[in-house]
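Assemble chain Z onto chain W, guided by the hints.
Residue numbers (our numbering), protein chains in the order written: chain W, 255 to 538; chain Z, 272 to 564.
Check the hints yourself; a few may be wrong.
[What the hints assert, rightly or not] As a list, the in silico SDA-like pairs of lysine to any residue whose alpha-carbon atoms are at most 25 angstroms apart: (1) 469(Z) <-> 480(Z); (2) 438(W) <-> 452(W); (3) 268(W) <-> 457(Z); (4) 265(W) <-> 381(Z); (5) 377(Z) <-> 397(Z); (6) 433(W) <-> 421(W); (7) 339(W) <-> 288(W); (8) 265(W) <-> 385(Z); (9) 339(W) <-> 397(Z); (10) 265(W) <-> 445(Z); (11) 479(Z) <-> 383(Z); (12) 433(W) <-> 445(W); (13) 377(Z) <-> 362(Z); (14) 265(W) <-> 428(Z); (15) 339(W) <-> 396(Z); (16) 339(W) <-> 445(W); (17) 268(W) <-> 469(Z); (18) 377(Z) <-> 270(W); (19) 268(W) <-> 445(Z); (20) 377(Z) <-> 529(W); (21) 268(W) <-> 384(Z); (22) 479(Z) <-> 499(Z); (23) 268(W) <-> 387(Z); (24) 339(W) <-> 499(Z); (25) 268(W) <-> 374(Z); (26) 265(W) <-> 362(Z); (27) 268(W) <-> 382(Z); (28) 377(Z) <-> 528(W); (29) 377(Z) <-> 339(W); (30) 265(W) <-> 387(Z); (31) 479(Z) <-> 384(Z); (32) 265(W) <-> 380(Z); (33) 265(W) <-> 459(Z); (34) 265(W) <-> 454(W); (35) 438(W) <-> 529(W).
It is worth saying that the hints were derived from the structure and are not from the lab.
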Amino acid sequence: MTAAIKTDKLKRFKNLEFILGVLLVGGIGLAVIFSGWLFPGGGSELNLAYRLTPPLAEPGFPLGTDPLGRDVLARVIIGGEISLKVGVYSALGAVVIGIIMGLVSGYYGGFLDMIVMRFADVQLALPFILLAITFIAVIGGGLTNMIILLIISQWVQYARLVRGSVLSLRDREFILAAKAIGVKDIRILFQHLLPNLIGPVIVLMTLNVANNILLESSLTFLGLGVDPVIPSWGGMLAEGRTYLQTAWWVSVFPGLAILLTVLGLNLLGDWLRDALDPTGRTSL
Amino acid sequence: MVIAVTLIVSFAIRLTGDPAVMLAQGAGSITEADLDRIREALGLNQSFLTQYIGFLRGLVVGDFGRSFMGGTPVSDLICRALPATLALAFASLFVSIVVSIPLGIKAAVSRGRWPDQMIRIFSLIGLSFPNFWLAIMLVLLLSITFNLLPPSGMEGFSSFIMPAATMGIILTATNVRLVRTTMLDTLRSQYIMVARAKGLSNTVVLYKHALRNCSIPLITYFGLQFGGLLGGIVVVERVFNWPGLGTLAFEAVSARDYPVLQGVITVLSLMIISINLIVDIAYGLVDPRVRKE
Numbered sequence: 255m256t257a258a259i260k261t262d263k264l265k266r267f268k269n270l271e272f273i274l275g276v277l278l279v280g281g282i283g284l285a286v287i288f289s290g291w292l293f294p295g296g297g298s299e300l301n302l303a304y305r306l307t308p309p310l311a312e313p314g315f316p317l318g319t320d321p322l323g324r325d326v327l328a329r330v331i332i333g334g335e336i337s338l339k340v341g342v343y344s345a346l347g348a349v350v351i352g353i354i355m356g357l358v359s360g361y362y363g364g365f366l367d368m369i370v371m372r373f374a375d376v377q378l379a380l381p382f383i384l385l386a387i388t389f390i391a392v393i394g395g396g397l398t399n400m401i402i403l404l405i406i407s408q409w410v411q412y413a414r415l416v417r418g419s420v421l422s423l424r425d426r427e428f429i430l431a432a433k434a435i436g437v438k439d440i441r442i443l444f445q446h447l448l449p450n451l452i453g454p455v456i457v458l459m460t461l462n463v464a465n466n467i468l469l470e471s472s473l474t475f476l477g478l479g480v481d482p483v484i485p486s487w488g489g490m491l492a493e494g495r496t497y498l499q500t501a502w503w504v505s506v507f508p509g510l511a512i513l514l515t516v517l518g519l520n521l522l523g524d525w526l527r528d529a530l531d532p533t534g535r536t537s538l
Numbered sequence: 272m273v274i275a276v277t278l279i280v281s282f283a284i285r286l287t288g289d290p291a292v293m294l295a296q297g298a299g300s301i302t303e304a305d306l307d308r309i310r311e312a313l314g315l316n317q318s319f320l321t322q323y324i325g326f327l328r329g330l331v332v333g334d335f336g337r338s339f340m341g342g343t344p345v346s347d348l349i350c351r352a353l354p355a356t357l358a359l360a361f362a363s364l365f366v367s368i369v370v371s372i373p374l375g376i377k378a379a380v381s382r383g384r385w386p387d388q389m390i391r392i393f394s395l396i397g398l399s400f401p402n403f404w405l406a407i408m409l410v411l412l413l414s415i416t417f418n419l420l421p422p423s424g425m426e427g428f429s430s431f432i433m434p435a436a437t438m439g440i441i442l443t444a445t446n447v448r449l450v451r452t453t454m455l456d457t458l459r460s461q462y463i464m465v466a467r468a469k470g471l472s473n474t475v476v477l478y479k480h481a482l483r484n485c486s487i488p489l490i491t492y493f494g495l496q497f498g499g500l501l502g503g504i505v506v507v508e509r510v511f512n513w514p515g516l517g518t519l520a521f522e523a524v525s526a527r528d529y530p531v532l533q534g535v536i537t538v539l540s541l542m543i544i545s546i547n548l549i550v551d552i553a554y555g556l557v558d559p560r561v562r563k564e
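Pulled out of the complex, with its shape left as it was, chain W reads as follows (with noise of 0.2 angstroms):
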């Protein structure tokens, strides 16, 4: 009886969860796809004479401006577009690229395989911002180049997750089934066993995403990511922290984006995480 009730109560909680999350990345995601409709200056129009106006002083500047008067709310939307792009870019890049190594190497086995996890022991003993300000300082900061090194960084995850998975399931009857009769590798890899382990791979995607935003925006903050010229949410941040005494709007609204964005995929993350696995295996 108490046990239902409970089940009951933490099901509404993960509803609540998925509202919210739907909510956050789908509010944030929209406002940044018609960010150009809009804001059609870009945000990058100067209003000298309103120089770091306060939020809601003046009319048309609900967030307030930064030191060149520029408007706050118009670059924090127009700003999205590329912590977005890069956490939903390279994700996808690391999943294509981790699924293939993962799946190759857990049912081949052999020197693939040994290669793919040496390389990610290797990983697990670099911190990733001490290799990504290397590697910035050789091949130049701005967007391509950071999706490339958030790629090249993160897709052994995923490699790890697959050859995991693939290595339970490939002696399973139906993959058995399917060599019997002579179905081809390639279509065991990818309609065999891909549909089976995906699930966790979505999982750890979203978080990906999350978590590539936040790499982003930190790589950004210390002037190795994008351009500073673009409006971007680490951009503004290192701009505003300047300005901390005297205009706390310029350096708060800017991180706030970040973190609900990243709150509305965590919470998207976790409520897909227990619909998938209800036994709770993998929640961590």
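For chain Z alone, kept in the frame of chain W given last:
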């Protein structure tokens, strides 16, 4: 492993640009001959492999070479910065363990009820915080608005609180969930039921019987976190102007100071590898079953 790491890093840094040019900047007019002389003095005219073997040879005896800027031995620079970073790392790890264990146990015990959900929401929010923004917000609140703590630098205990709290809060958010999940697993075991049946108090059951059995997976997770923790500290050090390894590495990148950057990355990787070794040893200390084997 150390070799793989240092090889990649030292190769990559050398692609970043010519340190001789950086050094000569601001020295007025310089000729190509001057640049050549600087390169020769720094050993940059040798091949990459020669330079790298020289670095490895030094590494064995604990010599990382000298900084290109000013010629200070790298080991001196690192010895000066390392305690600051280590202090920060251990303080935040300590804070997070002390806070997250009771909270995680509370969440596991009250699974599905409101304390669990409150803790879960707070930990999700904590997980979503960009660490550098949390640092900035703490400065805004505690230094600028209430003028309680110094905003940056390293002078005494008061300047230590905010950097450690920043990393501590973020780590706690992760660790609470780890403790909760591990605890849930443990609480299902039969020996917990036996302990309860014996009539032991709730505290003894949770903290003595359950927690000790959770310690192996928890120590593993805490060890694995160390790399991420150091990475986070590098960023947070920048916000607080903390004179640690992160600041050192960052300055070395902008100055193309190869020996310093190489040294810092080697030391950090060594630290992560040795932490994982310590984790293995710790298993034996907390779990008598491992000791016997």
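Comparing the hints with the structure gives:
About 12 angstroms separates the Cα atoms of residue 469(Z) and residue 480(Z), which keeps this hinted pair within 25 angstroms; it holds. For the proposed pair residue 438(W) and residue 452(W), the alpha carbon gap of about 20 angstroms is at most 25 angstroms, so the pair holds. Between the alpha carbons of residue 268(W) and residue 457(Z) the distance comes to roughly 24 angstroms, so the proposed pair stays at or under 25 angstroms and holds. At roughly 15 angstroms between alpha-carbon atoms, residue 265(W) and residue 381(Z) fall within 25 angstroms of each other, so this suggested pair holds.
With a C-alpha separation of about 18 angstroms, the suggested pairing of residue 377(Z) with residue 397(Z) holds against the 25 angstroms cut-off. Between residue 433(W) and residue 421(W) the alpha-carbon distance is near 16 angstroms, which keeps this suggested pair within the 25 angstroms criterion. At roughly 14 angstroms between alpha-carbon atoms, residue 339(W) and residue 288(W) fall within 25 angstroms of each other, so this suggested pair holds. As the CA atoms of residue 265(W) and residue 385(Z) are separated by approximately 13 angstroms, the hinted pair is consistent with the 25 angstroms bound.
Between residue 339(W) and residue 397(Z) the alpha-carbon distance is near 23 angstroms, which keeps this suggested pair within the 25 angstroms criterion. Restraint check: the Cα-Cα separation between residue 265(W) and residue 445(Z) comes to about 23 angstroms, which is no more than 25 angstroms; the hinted pair holds. Only pairs whose Cα atoms come within 25 angstroms are accepted, and residue 479(Z) paired with residue 383(Z) is accepted, the gap being roughly 24 angstroms. A hinted pair counts as satisfied when its Cα atoms are at most 25 angstroms apart, and residue 433(W) with residue 445(W) qualifies at roughly 12 angstroms.
Restraint check for residue 377(Z) and residue 362(Z): the C-alpha separation of about 23 angstroms stays at or below 25 angstroms, so the hint holds. With a C-alpha separation of about 46 angstroms, the suggested pair residue 265(W) and residue 428(Z) falls outside the 25 angstroms cut-off, and the hint is violated. For the suggested pair residue 339(W) and residue 396(Z), the alpha carbons sit about 22 angstroms apart, so the restraint of at most 25 angstroms is met. Pair hint residue 339(W) plus residue 445(W) does not hold up; C-alpha atoms about 29 angstroms apart against a cutoff of 25 angstroms.
A threshold of 25 angstroms between alpha carbons decides the hint, and for residue 268(W) with residue 469(Z) the separation of about 36 angstroms lies outside it, so the pair is violated. Taken as a hint, the residue 377(Z) and residue 270(W) pair is honoured in the structure, with Cα atoms around 22 angstroms apart against an allowance of 25 angstroms. Proximity of residue 268(W) to residue 445(Z) is assessed by CA-CA distance (about 19 angstroms); at most 25 angstroms being required, the pair is judged to hold. Of the pairs offered as hints, the one joining residue 377(Z) and residue 529(W) holds, with about 24 angstroms between alpha carbons and a cut-off of 25 angstroms not exceeded.
For the given pair, residue 268(W) sits about 12 angstroms from residue 384(Z) by alpha-carbon distance, which is consistent with the 25 angstroms threshold. Annotation: proposed proximity of residue 479(Z) to residue 499(Z) is violated, straight-line Cα distance about 30 angstroms (limit 25 angstroms). In summary, the hint linking residue 268(W) to residue 387(Z) is supported, as the alpha carbons are separated by about 13 angstroms, within the 25 angstroms threshold. For the hint linking residue 339(W) to residue 499(Z), the alpha-carbon distance of about 23 angstroms falls within 25 angstroms, and the restraint holds.
Of the supplied pair hints, the one linking residue 268(W) and residue 374(Z) holds, its CA atoms being roughly 20 angstroms apart against a limit of 25 angstroms. Straight-line distance between C-alpha atoms of residue 265(W) and residue 362(Z) comes to about 38 angstroms, which puts the hinted pair past the 25 angstroms bound. Restraint check: the Cα-Cα separation between residue 268(W) and residue 382(Z) comes to about 13 angstroms, which is no more than 25 angstroms; the hinted pair holds. Straight-line distance between C-alpha atoms of residue 377(Z) and residue 528(W) comes to about 21 angstroms, which keeps the hinted pair within the 25 angstroms bound.
A distance of roughly 39 angstroms separates the Cα atoms of residue 377(Z) and residue 339(W); the hinted pair therefore is violated under the 25 angstroms criterion. Between residue 265(W) and residue 387(Z) the alpha-carbon distance is near 14 angstroms, which keeps this suggested pair within the 25 angstroms criterion. Taking the CA atoms of residue 479(Z) and residue 384(Z), the gap is near 24 angstroms; set against the 25 angstroms cutoff, the hint holds. Only pairs whose Cα atoms come within 25 angstroms are accepted, and residue 265(W) paired with residue 380(Z) is accepted, the gap being roughly 18 angstroms.
A threshold of 25 angstroms between alpha carbons decides the hint, and for residue 265(W) with residue 459(Z) the separation of about 21 angstroms falls inside it, so the pair holds. Simply put, residue 265(W) and residue 454(W) have alpha-carbon atoms about 20 angstroms apart, close enough for the 25 angstroms limit, and the pair holds. Proximity of residue 438(W) to residue 529(W) is assessed by CA-CA distance (about 32 angstroms); at most 25 angstroms being required, the pair is judged violated.
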